[in-house]
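Protein chains in written order, with the working numbering: chain A, 5 to 228; chain B, 46 to 712; chain C, 7 to 254.
Rather than coming from a laboratory, the hints here were simulated on the basis of the structure. Take the hints with a grain of salt, since some may be wrong.
Calculated cross-link-like contacts (lysine-lysine; reagent style DSSO-like; alpha-carbon spacing at most 30 Å) [stated by the list, open to error]:
1) C:Lys24 - B:Lys447
2) C:Lys154 - B:Lys630
3) A:Lys85 - C:Lys24
4) B:Lys555 - B:Lys594
5) A:Lys87 - C:Lys98
6) C:Lys24 - A:Lys202
7) B:Lys568 - C:Lys177
8) B:Lys457 - C:Lys29
9) C:Lys177 - A:Lys196
10) B:Lys630 - B:Lys605
11) C:Lys98 - B:Lys457
12) A:Lys93 - C:Lys154
13) B:Lys578 - C:Lys22
14) C:Lys17 - A:Lys85
Simulated restraints, written as ranges between beta carbons of each label pair [unchecked claim]:
15) B:Pro74 - C:Lys253: 54 to 62 Å
16) B:Gly404 - C:Glu35: 18 to 26 Å
17) C:Ala215 - B:Leu197: 39 to 47 Å
18) C:Asp158 - B:Glu662: 28 to 36 Å
19) B:Asn650 - A:Gly91: 37 to 45 Å
20) B:Ala75 - C:Lys253: 30 to 38 Å
21) C:Glu35 - B:Asn50: 54 to 62 Å
22) C:Asp156 - A:Asn199: 44 to 52 Å
23) A:Ile126 - C:Asp99: 57 to 65 Å
24) B:Lys355 - C:Asp101: 30 to 38 Å
Virtual Cβ for every residue (Gly too), placed ideally from N, Cα, C.
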Amino acid sequence: MSGLLSSSIARKVSMALSAFFLMFFLLQHFAINITSVFSESAFNEISQFMGANPAVQFVLQPILIFGVVFHFVMGFILEIKNKKAQGVKYAMNNGNANSTWVSRNMIYSGLAILIFIIIHFIDFWFPEINTKFIQGDWSGMHNGELRFYHELQEKFVPFWRVALYSIAFVFLSLHLLHGFNSAFQSMGANNKYTNGLKTFGRWYAILIPAGFIFIAIFHHLTHS
Amino acid sequence: MTTLNSKVPKGAIGEKWSKYKEHIDLVNPANKRLIDVIVVGTGLAGGSAAATLAELGYNVKAFCYQDSPRRAHSIAAQGGINAAKNYMGDGDSNYRLFYDTVKGGDYRSREANVHRLAEVSGNIIDQCVAQGVPFARDYGGLLDNRSFGGVLVSRTFYAKGQTGQQLLLGAYSAMNRQIARGKIQMYNRHEMLDVVKVDGKARGIIARNLITGEIERHSAHAVVIATGGYGNVYFLSTNAMGSNATAAWKIHKKGAYFANPCYTQIHPTCIPRSGDYQSKLTLMSESLRNDGRIWVPKNMDDVMAIREGKLKPTEIAEENRDYYLERRYPAFGNLVPRDVASRAAKERCDAGFGVNATGEAVYLDFAAAIERYGKEQALIHGVDNPSKEKIIELGTGIVKAKYGNLFQMYEKIVDDNPYETPMMIYPATHYTMGGVWVDYNLMTTVEGLYCIGEANFSDHGANRLGASALMQGLADGYFVLPYTIGDYLADDIRTGPIATNSPEFDAAEKEVNDRIDFFMNNKGTHSVDYYHKKLGKIMWDKCGMARNKKDLEAAIKEIKEVREDFWKNVKVPGEANELNPELEKAGRVADFLELGELFAKDALNREESCGGHFREEHVTEDGEAKRDDKNFAYVAAWEYKGEPSDAVLHKEQLEFNDIELKTRSYK
Amino acid sequence: MNLTLKIWRQKNANDKGKMVDYKVTDISEHMSFLEMLDVLNEQLVNSGDEPVAFDHDCREGICGMCSLYINGEAHGPDREITTCQLHMRSFKDGDTIYIEPFRAAAFPVIKDLVVDRTSFDRIQQAGGYISVNTSGNTQDANSLPIAKADADEAMDAATCIGCGACVATCKNSSAMLFVGAKVSQYALLPQGQVEAADRVMNMVAQMDAEGFGNCTNTGACEVECPKGISLENIARMNREYLKATSKG
């Protein structure tokens, strides 16, 4: 990482920018998923559109993957650098007196999310890639109808997977509780809107993951 | 007796400095690169001098005992800095600032120096603003001023209650710029332990690296001492723990005369001592006296009840209180100058009316101010028939806005809410007007050895006015010394670098090493603090706010005894070649033990009362200070001859051509 | 009151160092924390042991010399004060108190509780000033009006005492609050504009070179800062930095 990323503030800004991108992606992902609660056909159609559109597949998807990888790699780099900057550890450190547990443990909530993403890839993304790029089937059809809704419902049949997803989203929520506002602070946003933004950030960090959990439970319960 | 030549230029007072400056020798820029200057101390005076000398092109080596130049004790000054800008249009002028300073100093300062100080005061503000010092401003965006004790105009510039800090950080930033350019070599955590004279001229110093204990030789063409005052001779003072007189005392021993050591300022509004463990005293800005009323109970019964905790001060009826300043000085009341207010508090406490367990405290009461402001606010906000609670609430708001940070500081230290119970205050040693004697060029009696800021004696006479210390420090460092030193250095352009392997450096280093060896090998019985506290008690009891012949003679004898005991029985743990705070303290206390005696000797010699020096034998019929202009309008400059008792007195007669000598009256 | 002290002892920079237990008795609640340490040191000197070295000077909360990490917090449990202003009434009889030096790779220990904070000086030297010479001929102070709000805000940033509590308390040992405060002071004043871009770039570069960590916005520094310097100063520095970068 040379050039722009050689300074601490540049690294910080890059973390924030990738975070903004991921938070936006998360919102979009949620918006698509929530349609599955209301309408099977809408969900199927949007999924087919996203899955078959070359702009999404060949431009946005690589950018997204880069964003995810960048955010993780930079997170680890920062963690290593910061550990080194610390020197000798305190015998007694009362971190709770001045900061939240969440803000001090982004690396752990981040790691939990990383593990989740791997599982999530195994569950959904790898089969998708297999169908499309190896078997060359871009139709999105199975037994004469769009397959996405059924695949979704089937995934959430086992209780363990619902539980696992729920736990992962709790970690995501924790990560966002600090991360959302932290990203704005890193970009230097601190003005009359800051307080409103903070409130919004807290709601975002709670509602979006809660919504994902709701979707998982919904399909677990409504599976036919 | 040699004559002391103050080298004050001839001419009218208002033209002396400008004419002189135009005619003194300068060093051309190319030659400045060949000249080294050592500056010891990095407070307002030393920091500003180091930065300016480096800007001019000299190679500067700066030394401070702290871990960074930014920590010098100038940083603790709260109130402000005076300058005759007349921004308020209230009739201020250089002359008026000059006059106020000479009068405030009780006519014991050198006229020409003070006038120069007033002349450059305005430049200081310009310079500091250009540097980015965030002075307080009013809503029009222009600089705000406030008034301070002892004067009739508003000329004090301030930055919240942290003016000293902001000015010091300004000087520190100017230094940083030069350090980055390589023009200043900064030696943090270094203590100067001696000056080196070659052929009668100051040519370097011996310094100890406080981290490694290494003794280092540093040479230069001139040496500037800016190491502050000697208030810690009292052990307890508002000075920093590390503030010391070692550099000033060492140069005194090498030939620099020490002037007026008995002029010490005892500041009236400090937080009282709470017990024997106390390590230092905390000052609260004098501005508190604008609204606080000072009192003690009238009746001894009440005093006793208060000390036993049976009675609260708020429970004492108005008629049973003695507002002694208002009683004794109806015209100025609680706003009499510092020395007068301090002595009055001591008088009441000596009479047994002190209001805390140690018997050394008086009340500073804001209840009346809160009520007055409360009623005013009720009127402004149109509150009809306000309740007592409402008045107190409104008034408290105003007092909080004015003094909030001071009240908060008081509450943190004393754990008492000063909005509800009166504050307790007592005087404490704060500033020393006396110091190393310097001529108009700020050069000491040793050639090439300069002394600036609080460390010299020159500008405040026998008493310093509020907000003038910062002014003097920066005036000396930014605007006076950099010019006058050029006049001396102009002769040094062909000298070349000063060698540090000369016999003079050998001798000075040996002296320093011998003393350190003594401390390390003297397996005594008492800690350094033990002696420092003993000295402090003698100084406070016998050379404090009021002095008399009998006590001073006793003090001289006792200090000598303590000193002798110190050199037999002091115990310094640890090793010489490491960070050793006890060793540092030992050297400083050893010097205080000599300075203290000279202090008492000087006080004994000065058979008059003036400014901070009050002799009980010399009072008017109603107990006020009585000056003796006929016999004592001189600077007492002492020459070192071995023991402090052998010091030889040299007099610099003070001439007052532009100001008429008057008795100060605040009645 | 009687107390058990667990104090970091380290002979010099090369020594490994360890926590050592001490007992002090008859401590008055009115003592300041450093006066309590004075008592301990007097005790140690009298018993022939080496006293504990700690930094301190003004003892009124302004010089920034005192440090100490007390019971897991920079400058101890109270807010907006330095260690020298902490009083023993904040503790109870029988308490055990941990006393450690400010920790950061950029603040190496010199001895016991004394650390080297000259990295802060070097950051300031990299650009923490306005390049103006002492001529006495600078323009009149009032020729440059500055809005009161800006002057006040600059003053709030300028109150930093450079103690290093922000670094000590930061889990990343980041110095951004310290640097942000200085950058902010000048960024808010017209005098500081000329060199603004160079200043922020150079100071940040020096901060990184000194080995301070990366800020992750935990906000601990703001809470522990004895002068209450706000996180807004870091945000402003980030903005100034972005502005400077976009200028090239």
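Exercise. Which of the stated hints cannot be reconciled with the structure, identified by number in ascending sequence?
Worked result: Violated hints (numbers, rising): 1, 2, 4, 5, 6, 7, 12, 13, 15, 17, 18, 19 and 22; every other hint is consistent with the structure.
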